[in-house]
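S.K.: Each chain is listed here by its residues.
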Amino acid sequence: MVVRVLDHISRCSAHEDGEIIYRIIRPILARGEKVAVSFDGISAVTSSFVNTAFIDLLDVFPFDQIKKNLTFLHSTRQINELIKKRFKFETETRPSQLAYAY
Amino acid sequence: MCFEEIFNNIKDHSAVSYGCVFAQHYGDYFMLAISDFGVGIPYNVRKIIPGVSDHDAIREALKEGFSTKSTPKNRGAGLDNIIANFSRATGGTVTIHSLKGYATCDASRPPEIQPSLASYPGTMIDFVVKTDNIPRTEDAEEDFAW
Numbered sequence: 004m005v006v007r008v009l010d011h012i013s014r015c016s017a018h019e020d021g022e023i024i025y026r027i028i029r030p031i032l033a034r035g036e037k038v039a040v041s042f043d044g045i046s047a048v049t050s051s052f053v054n055t056a057f058i059d060l061l062d063v064f065p066f067d068q069i070k071k072n073l074t075f076l077h078s079t080r081q082i083n084e085l086i087k088k089r090f091k092f093e094t095e096t097r098p099s100q101l102a103y104a105y
Numbered sequence: 029m030c031f032e033e034i035f036n037n038i039k040d041h042s043a044v045s046y047g048c049v050f051a052q053h054y055g056d057y058f059m060l061a062i063s064d065f066g067v068g069i070p071y072n073v074r075k076i077i078p079g080v081s082d083h084d085a086i087r088e089a090l091k092e093g094f095s096t097k098s099t100p101k102n103r104g105a106g107l108d109n110i111i112a113n114f115s116r117a118t119g120g121t122v123t124i125h126s127l128k129g130y131a132t133c134d135a136s137r138p139p140e141i142q143p144s145l146a147s148y149p150g151t152m153i154d155f156v157v158k159t160d161n162i163p164r165t166e167d168a169e170e171d172f173a174w
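Chain order of the listed sequences is A and B. First residue of the first sequence? That's 4 in the numbering used here, and the numbers climb one at a time after it. First residue of the second sequence? That's 29 in the numbering used here, and the numbers climb one at a time after it.
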């Protein structure tokens, strides 16, 4: 399933924007299905957005499950680097998550 | 996007609801400053580390993962992201002034963090970049891979 962020929010800036995307993708992942988040039309995102939309998933799912079922389309270098940097930091510092070597 | 990070920080941490922007172009340089007149970074850091000096408080705030948790959603990635994005994209310099401390950051060296002679009433983050280095286009699409 593809979730195009601009179909649901106008920008990827605040926690509130991330919360909307989180509430869409969390039940898809909970069913064990794959989801691709499309940033078509978006060139950059904030850490607040990434934290709430994606990093909060680590409270619910193991990182391995997230990596297996969540991917991103039409992203940019800034978006990709921020998502990977935030997941790397969080998985290396959370006692409940095993560190993941990129 | 750096600037949206700053306004998120003002909203979450400063205890005021507005910020000010100033920009100027002089010679080969462009400078943009965003400021709030809120409580300041050191005030919030001292809730976590009592007694820390203003400039050491800024040092702590620059570490990824350090958050004063002004809201439950804060994870301590905003300042780090601002500096990384701006420096990577432009090679410019970011200076953070807050109460009696400041930090100057660029991509080529560790942050220079010092006490200030004067106290700034809140937080101001200024960006200085050579006009030739300002990106004229947005980032191209790049495939994502874990």
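Just so you know, these hints were derived from the structure itself, not from any lab. Cβ coordinates follow ideal geometry from the N, Cα and C atoms, glycine included. Do not rely on the hints blindly, as some may be mistaken.
[Unchecked claim] What follows is a set of in silico ranges between Cβ atoms, one per label pair, in the way DEER data are often shown:
no.	chain 1	residue 1	chain 2	residue 2	range
1	A	84	B	100	41 to 51 Å
2	A	84	B	84	24 to 34 Å
3	B	165	A	76	17 to 27 Å
4	A	68	B	57	45 to 55 Å
S.K.: Against each hint, give a clear statement of whether it holds in the structure.
M.R.: Hints, verified against the model:
no. : hint                       : verdict
1   : 84(A) - 100(B): 41 to 51 Å : violated (26 Å)
2   : 84(A) - 84(B): 24 to 34 Å  : holds (29 Å)
3   : 165(B) - 76(A): 17 to 27 Å : holds (20 Å)
4   : 68(A) - 57(B): 45 to 55 Å  : holds (48 Å)
Hint compliance for this structure: hint 1 alone is broken.
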